[in-house]
Each structure stands twice: as C-alpha cells, then as structure tokens.
Amino acid sequence: MKVGIIGAGISGLACAHELERHGVIPDIFEQRNQVGELVTHCAAVLKVMNRPVKDQIEDLRKNLNIRLEPLNPLKKITMNTPKASGTVYGKLGYLIKQGQDQDSTANQLLSLIKAPVFYNCRADFTRLAREYDYVIIASGTSDITKTLGCWQDVVKSWVMGSTVLGSFEPTAMKMWLNTEYAKRGYAYLNPFNQKSASLVLVVQGADRSNIGQYWSRFWQTEKFTYEIASLWDLEHSSGFVYPHRVDNILFVGNAGGFLEPLLGFALLGAIYSGVYAAKSIIEGINYEDYLEQLKENTRISIALRAYLNQYQNKNFDRLIALLTAPLIKNMIYNTNLDVLKYIASLVHLIDKVKSLK
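According to our numbering, the sequence shown is numbered sequentially starting from 1.
Source of the hints: derived by calculation from the structure; they are not laboratory data. Computed from a predicted model, the values in this text were never measured in an experiment. A couple of the hints might just be wrong.
[Claimed, not checked] Per label pair, the in silico range of CB-to-CB distance:
{"no.": "1", "residue 1": "Ile328", "residue 2": "Glu131", "range": "21 to 27 Å"}
{"no.": "2", "residue 1": "Asn193", "residue 2": "Asp338", "range": "30 to 36 Å"}
{"no.": "3", "residue 1": "Lys314", "residue 2": "Glu69", "range": "18 to 24 Å"}
{"no.": "4", "residue 1": "Glu288", "residue 2": "Lys314", "range": "40 to 46 Å"}
{"no.": "5", "residue 1": "Gly23", "residue 2": "Pro326", "range": "51 to 57 Å"}
{"no.": "6", "residue 1": "Asp289", "residue 2": "Asn334", "range": "30 to 36 Å"}
{"no.": "7", "residue 1": "Glu288", "residue 2": "Asp153", "range": "18 to 24 Å"}
{"no.": "8", "residue 1": "Met1", "residue 2": "Asp153", "range": "47 to 53 Å"}
{"no.": "9", "residue 1": "Asp338", "residue 2": "Glu180", "range": "30 to 36 Å"}
{"no.": "10", "residue 1": "Arg299", "residue 2": "Leu234", "range": "21 to 27 Å"}
{"no.": "11", "residue 1": "Ile228", "residue 2": "Thr87", "range": "32 to 38 Å"}
{"no.": "12", "residue 1": "Leu112", "residue 2": "Glu292", "range": "33 to 39 Å"}
{"no.": "13", "residue 1": "Arg67", "residue 2": "Cys121", "range": "26 to 32 Å"}
All residues carry an ideal CB built from backbone N, CA and C; glycine is no exception.
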C-alpha cells in the first residue's frame, strides 16, 4: 500500500505513526525546511475539553503509543473580564510547546516515526492522488479542502502573539475576555517556564491591517510591563468540513476542520484525526464513522461559539463569576462530567424557547 501525506505537522506525523504501527511506511511531503509551526508558542490542553477522557496525554500513551512530554501540568487558571476575576485550581490539563524547537510537540512526534520526510517540497495533491493508493491532506490550511468543495467557514480570526519575559508561575494559565480589545475573541498567557511565556490575543473579524491596534489596546488596558522577546501574527480559521474523504483523499487536522472554534484548541483533534485516517485505510472502515466523536465535539464548539458571539462585557462578567463559583467550578473541573455537551444542549433549548416567543 502506498500512502502519501502532504504536511509534516501534528496530524500528518500522527497519521504516519499509526500507519507504521501497521507496517505501512508513508512518504511525507513538507513545504518548509523542518517540521512544526513557524512560531514558537506555549499551548494548553484542557481536560474539560475532551471528556469523558480523563487525561488526554495518558490516553495518547496508553491507546495510541504516542508519548508526549508536556512542559508542565496545568494546575491553575485565572479568568479575567473587565469587572470580574476568578481562579480555579486542580489537575486541569497540560502546557505544551508548539513550534520548531527540538522539544516541541511536532519534533517529539517526528522522533517516533521512520517515514521519510521530503522537505522544501510543495506537493501537488492531484498528482499524488494518481500515484498513491491514498493521500492524506495534513497541510494545516483549508486551501485543498476548499478546492474540493468540502469546506465551510465557521470562525475567522486574526491572532497576534509574543514571547514575553518576566516572572511567571510555570503551572498557571491566565485568560482575558474583553470586547474592547478582543471583540468576541479572547487572550491568554501560558508560561514556558518561570522567566518566559506566550502572550496571545485572538480577535474575530480582525485582519493583518488592524490587529496591531487591538494588540496595543490589550497592553494598555491590562497595563502589562513584560519585555517582548518576539512578536508574530497569523490568520486563525475554523471551518466545517464534509465529507472528510473524496475518492482516495482524506482530510486531517486543520485541513479537516478540527481546529475547534470555541477556544481554538487544535492538538488533540489533529492527533486523533490523523490516527483515524490511518486506521480507516488500514482496516477498510468508513473514515466518517471513526470521526463521530470529533465531529460531535465540533458541533458542540460551534453552538457554544455562536452563543458567546452574542455576549457583551457585562455577560462575560457574569459568566466568569458563574464559572468560578464554588459549586459550579467543582462540577466543571473536579468531575468527569462532559460539561460542554450539557451546556450546548441548554443553549440549544434556550434558543428554541426564544424562537417561540
């Protein structure tokens, strides 16, 4: 069996790893000169996002033989709005490094595979589809998915981020919700270590021409005094994809619509979709069947994102006060209840009641 993978990102490498577990060595085509995202940043894996899985990193190790080393466990999250602030504690998830450093997630995955990676190669998916039994689109963008008519935009944002220097708690994350500088988006700070962190602002509807204005307003409003070591910006696009397979071409990761639109988490969707694509072609099982849970997660995220898009700052103030109230935060963070699913169902019910008025 000949399998070609376009993209040596998280999803492409996860797919290659699963194929190799079944004796298939794919060819991987990467347009850059090394694996990993262009910008180095610290991302979070939140346990609340993937229930009923209790520990995503342990689940990857136990069930997929993918061993990833996070930077640190996440033990504290502080959420801020203009007039409210609250903190939750516990075993909340992990902080991981993304980018091209040797300890990044992509390079950790690369170390687990034997497949050849052809760097500086812009592969033509139509040619590969003729030459290979299967082609995995793991390009990290929607370009090919759109070309084949399978992509529908859900959320388009612009992101500006930086590595900042200062004094940080290595196991603590901070988040901000404020329509003055983030519109319906959000901002967060995730530490690499005690001395450096990623500070990131995600603004829906912004573009490269005005993201700097929102960034300046963010810094002025929150009165940061960090030293900026690096600064970057990029587009953030979430979409709904169907079908996820066209003939012998399968979409995974961001190209498959697995960048969830609620808070922009992408790691687990990238890994699982890559693995499921490999399983489907090895076992001859419908790829869409494997994706049911990921697609359900996406539907939940879309519903919650649409609801939050109606919020003003006063609504965010109430939301944070609610999420950090003792009984509520215990239910959300210290149980294995799939809270997001139930909240999405409640949101759907509220919308139905409103439509009847």
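Each hint, compared with the structure:
no. : hint                          : result
1   : Ile328 <-> Glu131: 21 to 27 Å : 55 Å, violated
2   : Asn193 <-> Asp338: 30 to 36 Å : 33 Å, holds
3   : Lys314 <-> Glu69: 18 to 24 Å  : 42 Å, violated
4   : Glu288 <-> Lys314: 40 to 46 Å : 41 Å, holds
5   : Gly23 <-> Pro326: 51 to 57 Å  : 53 Å, holds
6   : Asp289 <-> Asn334: 30 to 36 Å : 33 Å, holds
7   : Glu288 <-> Asp153: 18 to 24 Å : 21 Å, holds
8   : Met1 <-> Asp153: 47 to 53 Å   : 34 Å, violated
9   : Asp338 <-> Glu180: 30 to 36 Å : 33 Å, holds
10  : Arg299 <-> Leu234: 21 to 27 Å : 26 Å, holds
11  : Ile228 <-> Thr87: 32 to 38 Å  : 26 Å, violated
12  : Leu112 <-> Glu292: 33 to 39 Å : 26 Å, violated
13  : Arg67 <-> Cys121: 26 to 32 Å  : 28 Å, holds
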